[in-house]
Amino acid sequence: MKDTIYTIPVSEVFEPKEGCPLCRMRDTLEERCLEYIMGAAMMEPDVRQDTNRQGFCTDHFRMMLTRKNRLSLGLMLQSHLDYIRQEVVGAKAPILGKDKRLEKAREVDEGCYVCARIDWAMERMLDTILGLWQKEEAFRTLFSQQECICFPHYRLLAQKAQEKLPKKALPGFLEVAGGLTLGRLQALKGDVDRFCNLFDYRNAAPGPIPEEVRSSIERSISYLCARQIGDK
Numbered sequence: 001m002k003d004t005i006y007t008i009p010v011s012e013v014f015e016p017k018e019g020c021p022l023c024r025m026r027d028t029l030e031e032r033c034l035e036y037i038m039g040a041a042m043m044e045p046d047v048r049q050d051t052n053r054q055g056f057c058t059d060h061f062r063m064m065l066t067r068k069n070r071l072s073l074g075l076m077l078q079s080h081l082d083y084i085r086q087e088v089v090g091a092k093a094p095i096l097g098k099d100k101r102l103e104k105a106r107e108v109d110e111g112c113y114v115c116a117r118i119d120w121a122m123e124r125m126l127d128t129i130l131g132l133w134q135k136e137e138a139f140r141t142l143f144s145q146q147e148c149i150c151f152p153h154y155r156l157l158a159q160k161a162q163e164k165l166p167k168k169a170l171p172g173f174l175e176v177a178g179g180l181t182l183g184r185l186q187a188l189k190g191d192v193d194r195f196c197n198l199f200d201y202r203n204a205a206p207g208p209i210p211e212e213v214r215s216s217i218e219r220s221i222s223y224l225c226a227r228q229i230g231d232k
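In terms of the numbering used here, the sequence shown opens at residue 1 and continues consecutively.
Think of the hints as simulated: they come from the structure by calculation, not from any bench.
Hints may be right or wrong, so weigh each one.
Label-pair ranges, simulated between beta-carbon atoms [what the hints assert, rightly or not]:
id, residue 1, residue 2, range
1, E35, E212, 30 to 36 Å
2, Q228, L77, 22 to 28 Å
3, E31, G190, 29 to 35 Å
4, E147, S79, 39 to 45 Å
5, W120, E87, 34 to 40 Å
6, S144, R101, 49 to 55 Å
7, E107, G172, 36 to 42 Å
8, E218, E107, 31 to 37 Å
9, L185, P208, 43 to 49 Å
10, R101, Y201, 58 to 64 Å
11, G131, F199, 47 to 53 Å
12, D127, M63, 25 to 31 Å
Listed next, the in silico EDC-like pairs over lysine to aspartate or glutamate satisfying Cα-Cα at most 16 Å (straight line) [what the hints assert, rightly or not]:
id, residue 1, residue 2
13, K160, D119
14, K160, D127
15, K189, E212
16, K17, E147
17, K68, D119
18, K104, D127
For glycine and all other residues, C-beta sits at the position ideal for the given N, C-alpha and C.
Hey, can you work out the whole structure from these sequences and the hints?
In structure tokens form, the structure reads like this:
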């Protein structure tokens with residue numbers, strides 16, 4: 001697969017300043033990958049070999065099911081099922097002991113072609129973000145103006161920063177990234193508190209429920225999972 005498919009200008013995901021920029025980055029990568037494999041790339045031998053071997057996770061199977069090109073999905077499933085039947089399960093004997101087919105079975109069961117490509121691209125995009133943080137004051141300002149960093153992507157950023165940033169640059173980055181994360185956590189906790197208090201018998205006739213309280217459960221789950229769940 002051409003690497004250019006996974007090249008996203010950092011400004012494209014950081015300039016909107018709404019929600020988590022890394023979620024936007026992941027969503028863009030995901031959309032490009034799904035379009036690619038359900039298009040002409042589906043027939044490319046190297047792509048088909050990888051999708052046969054890795055398969056797809058539940059989330060990405062669901063996303064492919066919502067698209068119009070069901071024939072592409074059917075053709076991928078056709079060869080994927082054949083791969084499992086012939087190379088993993090086999091027709092001669094059951095899987096026993098240290099059979100190499102167990103490793104193939106694990107790869108199929110736990111793998112996902114789309115997730116693997118996104119993870120590969122995200123690693124490189126994180127390196128780009130940290131490089132910009134070191135070199136460009138304008139990017140440091142842009143980063144600090146973000147609405148939030150979701151919890152899973154905060155973990156990835158903090159982990160990557162400790163591997164890549166020099167000691168002098170690390171504290172400042174972690175302070176800003178941590179502040180964006182803590183700010184959203186505190187806001188969500190406050191909204192969930194207010195939601196739960198609605199069910200306290202001492203709070204009779206609470207009146208109209210504010211939108212941020214009504215959607216606090218969905219928004220908290222979305223924040224913790226880095227996936228949009230229900231209402232924003």
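Exercise. Looking back at the numbered hints, which does the structure fail to meet, lowest number first?
Worked result: When the structure is compared with the hints, numbers 5, 9, 17 and 18 turn out to be violated.
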